[in-house]
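Once you've looked at the hints, dock chains B and C against the given chain A.
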Amino acid sequence: MALSAMKMKRRSFLKLAAAAGGAAALGKYFKYSGAELFEPVAAQEGGEKVELIKTICIHCSVGCGILAKVANGQLVDIEPWENHPINRGRLCSKGASIPASINNDRRLKYPMKKEGGKWRKISWEEALTEIANKMLEIREKYGPDAIFFAGSAHVSNEAAYLQRKFMAFWGSNNIDHQARICHSTTVAGLGNTWGYGAQTNNFNDMRHAKSIIFFSNPAEAHPVSFYHIYKAKQRGAVLICADPRFSRTAAQSDLHLQFRPGTDIPLVWGICYEIITNGWVDEEFVRLRTHGYEYAKEVILQYPPEVAEEITGVPAEKIKLAAKLLAENRPGTLQYAMGATQHEVGTHNIRAFAILQLLLGNAAKSGGGVNAFRGHDNVQGATDLAVLSNTLPSYYGLSEGAWKHWAKVWGVSYEWLQGRFASKDLMHAKGATMSRWRDLVLAEETGDKIGQPTPIKMAIFWGHSTPSQAGTYLVKKALEKLEMLVIVDPYVESAAALPERDDGIILLPACTNWEYPGTVTNSSRQVQWRNKVIDPLYDSKPDVEILIALAHKLGFGEEFTKNFKKLPEDIYDKEIRVGARVIAMRQSTWRLKRQEEYDYVFNVETLRAEGGPCDGEYWGLPWPCWNDEHPGTPILYRNEIPVAEGGHDFRAKWGTKAPDGKTLLSGINGHAELNPDGTPGPGWKLDLTTDYKKLIAANKVPYGRGRARLWAWNLPDPVPVHREPVWTPRPELARKYPTFEDKVYGETHFRIETKGRSIQERDIFEKEIHKAYPLVFTSGRQVEHQGGGAMTRANPILAELQPDMYVEINPKDANDRGIKDGDVVWVHTYRGYELGHYRSRIQVKAKVTRRVPPGVVFLPFHWAGMFETVEYTQRFPEGTKPIVIGECANTISPPGWAPETQMQTTKSGLCEVTKAGVIPEAIERLAKA
Amino acid sequence: MEFPYYVMEFPGYQRWGWEIALYIFLGGVGSGALITAAVTLLLGKETKIARAGAYLAPPLLIVGSVLLLLDLAGIKAMLRAMLVPLTFTNITTSWMARGAWILLVTLLVAIAFAYSLATDKRYSRTLALLALPLGIATALYTGLLLKGARFVPLWNSGELPLLFLTSALTTGIAATLLLASVKEYSKLRGFLAALLVLLLIEAIEVPLYFFIIGEQGDIAVKSASAILSGAYSIAFWLVLMFLGIIIPILGLGYVLITRKAAALPAFFALVLLGGLTLRFLFVHGAIKAFVVPLI
Amino acid sequence: MPKKFLLDMYVNRCLRCGGCMAVCKTHNRTPEGVHRIRVITFDEGEPTETNMPMPCLHCNEPPCMYVCPTKAIYKRKEDGIVLVNKDTCIGCGYCLMACPFGAPQFEKGTFGNRGKMDKCTFCVEPYEQKDEQGRLIQREPKPRCAMVCATGHLLAGDADEISAKLRERVGYRMSRGVEKTFLTF
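Protein chains in written order, with numbering that gives the first Met the number 0: chain A, 0 to 928; chain B, 0 to 294; chain C, 0 to 184.
The shape of chain A in the complex, shown without the other chains (with noise of 0.2 angstroms):
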């Protein structure tokens, strides 16, 4: 690549700048006025030309519009896009930081590979082929499941897709990405719910709502969103933020629920109980359009106010002005994220939501719904493309059919790809995730049973961050025993330091999001075009370009190639947009391009286009869109308006009978899955050919019309109960309201052995390490910094603005310990027994504020550079660690794993806080025992 763009120096750059801003200007000032800011300008000198792109940021999953200023093919600066639907030129600190993040100095610039314990410069080609050989020499010697493949949320939707096909053709399903631990709680709870797992409205369509309940911060992790919930809020909406901590959603909030970490449905519970025995249901929404109320009922019945209040420590007034604001100002929509996923119980927690949302009559409306704010940028494309251990993209699963299905899309046969794996049954059952990828690699030391022939011995990290790993503890044991590690990314990101070994890591660097083109899905199921802005720097190169080389090198690359001419739309176009049926995810890349193009006919009410080329059609074609003419869905479950206007209904998935023999149809022209002439049958999803226009074209919805099971037979719990923390503060509830048992989880669960209810007689029980570790843990977001950090940190702009880990601490506990607020502080817990380890701490500064009660401590998860009080940047490349450093808060998160996804438990453990250096004689005594 260019390696003239990499000696860009800050001289020539402040030149370019001063041109770009002089151009607009043209040395005399005058008035302005909008259209001359956003037309490209030429440049007053030397006719250099100064290009305004249109593209979308890199960080979180609002999907913000940024225009990139380049001025001779060179990033130098961004406006404000002010004509894109979602955001209207407004950005947070990380989108205003872009060209900090990509023309910086920090990124890795050409492949490295760590020899004797240096990292030496290596080329392309040697990279490649000595990852290439590696793996073929592990898939000789134990087989194509000793490898791991850590996908990414940040890349494009082609690249993400192709990290799937990549190990599809390698014969293994042991892939995963972020939303292993992020949102796949919500996709099982959401889809078991109503049939997608995914946001059912959009950011836009908050201004709609009357009511607002958070269940997490978007304050700090999504603040954009603000622009429409301020929206809804100038117009008279109320706002309850439910949340552990006096977050900064919830100074601006109306009504604070502090509650516990991990008692989510205790808390809905109470609400909902209010609006049961209040007479506040939607009996008609509930009647027509859902199943199995009457087992509801009988549930939450069991959670009065008073007893939610006793479990969640939300004083019950507190819960039934709560329920009544919620029944008073329909429609109100609920928000959540994290806070409320990354639990064992998150399946169930997300569930409650969208039952609450039901029995309001919220769901399937505008200004309802159950809005689920995704993490990265393009963390819902990434889902819905199956860079996941448990299925192929767009949520076939893996059975023999799903498997024939994306056979005949990538143009090979079943059996050929069959060859490719270990066995049929490896082919068949979901792969390694990222919440415990690391226990497989450490199977023969923890003595845990694994689900595959062979541990791990290679992983490919591929754009995916170890601080969101909870047990770096046991990540690091990992990375220290892999044959093989390699890391694509554009910084070196810490896994590439953390481990203390001397050779086998290759990085390699991956071009930023802005320097290859591509499609990105959003938090709310739009697609957007993002456009390439600049050449790639230095000697990176784009993600789809560097697997493609790699499945040449593996000997499979003329299958993996067979249908692209032309990279990266054929990618979407002749596969993604044939293959994705059962979310419909069929937009072309033309009609996104057209609609970036027009951005301006886009009402930003209604995300409708009013005339013009795109007349009619929803800004990002939100899917299920169902063909080139449909205007996409931007508002999931409407029955209202007609299919061919965005309307559909709950998805028939589970069969026209229920267990109990009543209907899962709609109440309202309900009918089953059709084939695409109209028939029953599952048709619609494995017909190549048909775009559904008859289906369409009669107002039948192609997946059916059903109704929403507020009780899922399929689950461990088919109505959520709720369920202590496997480390809860409280023993006396846990006895009551134990976790998961053992036996939920199997035999191995995503191949490998997970325990529940063993764990917390164990810990809670025996060993009582609530009394050593008194306070409960739980952790977030920063504003200023994305997942991992390792672009966050390395960014100059926002290293400044947030330069500091901490742990925050009330007051009280802060006094009880002799903590300052400044001071340097260690956090202890009990993680790490697995191997044998029982003191994991790490070493922050306090942070003594009344946001956390009495009892919690907060952290933020975006940190690396110190590993258990020790610093580790010395073992990055030279002159790539990150400005600004510090601890992991994963390394003391507790064990819990989601007894449906595997999700890691983040948000609720314990842990206790001490002056550095000193370690309590309880915490002592226990490592001893």
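Only true hints are included.
Just the calculated beta-carbon pair ranges, DEER-fashion:
{"#": "1", "chain 1": "B", "residue 1": "Val196", "chain 2": "C", "residue 2": "Pro46", "range": "54 to 64 angstroms"}
{"#": "2", "chain 1": "C", "residue 1": "Gly32", "chain 2": "A", "residue 2": "Asn562", "range": "48 to 58 angstroms"}
{"#": "3", "chain 1": "A", "residue 1": "Val306", "chain 2": "C", "residue 2": "Pro30", "range": "56 to 66 angstroms"}
{"#": "4", "chain 1": "A", "residue 1": "Glu125", "chain 2": "B", "residue 2": "Met7", "range": "55 to 65 angstroms"}
{"#": "5", "chain 1": "C", "residue 1": "Pro46", "chain 2": "B", "residue 2": "Pro132", "range": "50 to 60 angstroms"}
{"#": "6", "chain 1": "C", "residue 1": "Gly32", "chain 2": "A", "residue 2": "Val306", "range": "46 to 56 angstroms"}
{"#": "7", "chain 1": "C", "residue 1": "Pro30", "chain 2": "A", "residue 2": "Glu50", "range": "25 to 35 angstroms"}
{"#": "8", "chain 1": "B", "residue 1": "Gly73", "chain 2": "A", "residue 2": "Asp104", "range": "25 to 35 angstroms"}
{"#": "9", "chain 1": "B", "residue 1": "Leu69", "chain 2": "C", "residue 2": "Gly32", "range": "12 to 22 angstroms"}
{"#": "10", "chain 1": "A", "residue 1": "Asp686", "chain 2": "C", "residue 2": "Asp157", "range": "57 to 67 angstroms"}
Hints in this document: simulated from the structure, not taken from any laboratory.
Quick reminder that beta carbons are idealized off the backbone N, C-alpha and C, glycines included.
What follows is chains B and C alone, placed relative to chain A:
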């Protein structure tokens, strides 16, 4: 201000450093010495003391000005700042610009005065007549400079220039007498009496200032209480009030009664220490207010 | 009409997302430690928690201008924007002491002291005011901080326009949501 507002402590601002505090002290001592010399000469008394004051003023003012320059942005800014008439153009509203002019003129007059006293004494009286008001102006201006910064409430009082003038006079007399090292009590009596009176005024004025400044609002109360009873209380009560004012008052009273001048240099040094502490307290103890407009 | 900033303390309150600070640094290229706008938080973690982005408010009678000894700070006639001429600024820091809002910013300069003053220019000038040929760079008075403000808390523009906008916003909230506001208190 017309709109409703809320005043809070300004988080993390760049304070003025030791250079400014030391400059204000040296400028005060210099101008005080100049005034002492001019008055002494005009009243036709001890030329030795007048000469000591006149010789002391220019170097102190020069060192002070250099410190002032050191606080500026860089070499270029310093060179430009030396061209006072070209640079400090905003004499209509800025006390710093006025001060720069006053300082320049005072310095020139002080040099001429010292030169005339050293060589032929023809113009001495004329120069003394010039030097007297200029010395007072310099001493007052250091206070007015701080007062001009309206949003440091500790400084925002009309008493401040007077306080600084008093302190300039006491330290100026003390420094002059220290340098003159006159041993005969009879020659010193008038000066000692003046110094005693001024110190008594200062002894009342200084604590009073910190009590009345509370009118300027919460931030002023906060900074005053930091000085009176907080982080700076030892510097204030022990160093400034006790060592710098009370002990010299007692000492001078003792000397005036017993007429034994042997311990005088120690008392003069203590007065200087007190003056220095006062300036440092005012510069470092100041808290800048941050006005939150509640519009 | 003079150009002004206005802060909405009623409906769209600041979240401290830092967009204004970051876009200012990106767009104006201010060095480390110089924030032409920065967010102040008080009562953090309390129910009264308030965040306030504080740019230069371009006062009608700027105290900084009055105290500047060298007339480096001036108020533009045509639109009331307060600017600093870095050629004549000597970095004395007097403006910092005089400004009620802490708008003047100083980079680290010689001898560990402050450098020349830099302040919000309503985006008409970047940090390096001059281009390679020594000409003053001038841009439209369109502050990026207000354009990117995620919540619309920070308003910028002609004084009458932005005050009308805020008045409308507050009125809307008061007339539509007043009963609900009472419900929660």
